[in-house]
Amino acid sequence: MAMTGYRINPRSLDLIGFALLAALILIVFPLVLDIFRLNLVGKYLTYAFVAVGLVLCWGSTGILSLGQGIFFGLGGYCMAAFLKLEASSVANTKIQSTPGIPDFMDWNQITALPYIWMPFKSLPLALIAVIAVPTLFAFIIGAAMFKRRVGGVYFAIITQAVAAVMTILIIGRQGYTGGINGITDLRTLLGWDIRTDSAKYILYFACCFLLLGTMFVARFIQMSKLGRILVAVRDQEDRVRFSGYDVSNFKIFVFCLASAMAAVGGAMFTLQVGFMSPSFVGIVPSIEMVIFCAVGGRESVIGAVAGTLLVNWVKTSFSEAFPELWLFAMGGLFIAVVLAFPRGLAGLITDQILPRLPSGRIWGIVHPSPAPAE
Amino acid sequence: MSSSTDFLLALENVSVSFDGFKAVDGLNLYVDKGELRVIIGPNGAGKTTVLDLICGRTRVSDGSIKFKDQEITGCKEQEIVRRGIGRKFQTPTIYEHLTVFENLELSLPRGRNVVGALFWNRTEEVKERVHEIASMIYLSDQLDRPAETLSHGQKQWLEIGMLLIQDPELLMLDEPVAGMSVSERQKTAALLNDIIKNRSVIVIEHDMKFVESIAHRVTVLHQGKVLAEGDMQSVQANPKVKEVYLGH
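Listed in order, the protein sequences are those of chains A and X. Position in the first sequence counted from 1, then plus 78, gives you my numbering. Position in the second sequence counted from 1, then plus 339, gives you my numbering.
By construction, these hints were calculated from the structure, which means they are not laboratory data. In this text, a Cβ means the ideal position worked out from N, Cα and C, and glycines have one as well. Each hint can be trusted.
Just so you have them, the derived chain X footprint on chain A, three or more residues with Cβ under 8 Å:
id, segment
1, 294 to 306
2, 314 to 322
Label pairs and their in silico Cβ distance ranges:
id, chain 1, residue 1, chain 2, residue 2, range
3, X, Asp480, A, Pro202, 51 to 61 Å
4, X, Glu463, A, Ala100, 31 to 41 Å
5, X, Phe360, A, Ala221, 31 to 41 Å
6, A, Leu417, X, Asp570, 53 to 63 Å
7, X, Ile535, A, Arg227, 29 to 39 Å
8, A, Ile105, X, Asn460, 30 to 40 Å
Can you build the whole structure from these sequences, using the hints too?
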């Protein structure tokens with residue numbers, strides 16, 4: 079890192095960034111966007127949960143997971159399972175050969191609700207499952223890998239393989255999962271119609287507050303001694319181990335936490351978009367989420383959220399105009415960020431732009447750094 | 340040879356081989372309480388491997404390592420650390436992106452699990468302990484500096500400080516003065532003679548002048564075996580040692 083002559087005061091920068099972002103998503107977007115566009119932003123914000131988790135897991139600790147779609151998807155599927163059962167009342171499904179079960183089960187000659195679907199009749203159990211199922215799955219993967227000291231690129235490849243397996247499993251077992259189409263035609267949450275404009279507004283704000291809460295948790299961890307240990311694990315894993323810490327426990331913890339955050343995003347996705355499908359579980363969405371995080375800045379919670387919004391906004395505008403070019407643009411963007419701005423937009427702002435602003439000193443954002451070493 | 344000893348550390352008949360190559364071969368090494376032992380030897384003699392074996396980074400193929408009369412072969416690295424063995428690596432291994440204070444704070448032997456770390460409280464006691472160690476390693480006025488901006492010698496001291504704050508009974512230092520200036524070497528020798536008072540230290544070093552200034556006993560390793568052991572004069576006078584190591 080080049081010495082710029084100024085060091086950023088993290089607390090005031092945090093507050094300003096957090097306030098700007100909150101104002102943007104809570105005030106500006108609802109005022110200037112119609113409900114269709116706002117719902118779209120709400121969908122982008124659900125990806126931001128994954129990006130915030132990646133900041134802790136990848137940015138702070140150095141564990142690159144290329145399979146966060148698994149946990150986003152598991153959270154989303156748990157939510158969708160509850161909504162689907164509610165939408166599949168006997169009255170709604172009386173034309174089926176077995177009324178009262180989800181339509182895709184009926185099409186696949188399943189005649190009774192499978193046992194693994196039973197807990198999703200209850201909203202509290204379904205909400206617990208939204209967090210517990212992905213976290214438990216992350217724990218199993220994390221314990222198996224980190225206790226054996228599998229890390230780095232091997233871990234990334236394994237998460238990617240698990241994401242691929244997960245997609246194949248969901249598509250293959252369509253009687254239980256809805257297959258390639260996913261779980262569609264979700265209607266109500268305890269009788270409240272989630273397809274109306276007013277419901278979409280409420281869900282958008284719920285998503286915003288949950289995201290701000292998630293960001294707060296991530297920031298709290300980054301500022302604690304735990305956060306410093308995570309950075310230490312990234313920089314000098316052996317030194318941490320030979321200082322008496324059980325490194326694998328810290329890695330498992332941060333991987334589970336990142337997965338739980340992704341799962342909350344997945345559940346909010348299902349609620350706002352109204353369906354869940356394997357196209358949000360596999361390799362491509364998992365890698366896209368890493369790109370959102372990289373573009374925004376993998377060490378910055380606020381940067382990751384801003385990056386997610388920016389990339390998705392560009393994606394939407396670009397693919398509306400030139401649909402076939404988007405993938406190339408995305409690949410180019412990723413290469414450009416990695417080569418030119420390894421710390422992403424957030425790094426660009428804190429390292430390049432702020433130190434050059436004379437007013438920075440007045441605002442108390444930057445203050446002179448201590449003298450460099452002789 | 341008795342298997343129960345009064346030694347702080349006892350290696351008996353320790354061997355390790357990598358793909359058939361015996362890096363350490365039937366090694367016996369005993370370290371007393373309060374002793375400063377220096378291990379010397381030509382490149383590839385197995386010096387660093389011995390430290391790796393003691394701290395659990397490499398597993399022994401055969402033999403026994405006892406610390407305070409308890410077998411530690413097979414223990415996990417962090418368990419060995421918690422029993423009181425600290426190890427400094429050959430190149431300064433510190434947390435570059437954290438400040439000197441944070442480097443020392445993380446090394447304090449408290450709050451070592453996830454929950455303890457999350458709700459860690461930087462008490463006055465913690466600050467006092469960090470300041471105490473920082474003054475020993477000549478870094479009192481550098482506490483708020485990011486560690487990456489320290490000079491090479493200061494980084495070496497910081498890593499020694501990160502071990503001292505754990506208050507280990509046995510400290511193992513792999514080439515602590517490599518890359519240091521003459522005045523830094525003298526300060527390091529003074530530091531080592533200062534910390535030896537409460538603990539045992541094993542040092543691997545090439546710099547013979549530095550070895551003369553600190554060593555109580557010297558062990559010469561050659562091809563994974565002990566070639567000679569004794570005080571500095573007798574080792575230097577040993578013809579076998581002259582032939583394989585000191586002579587050139």
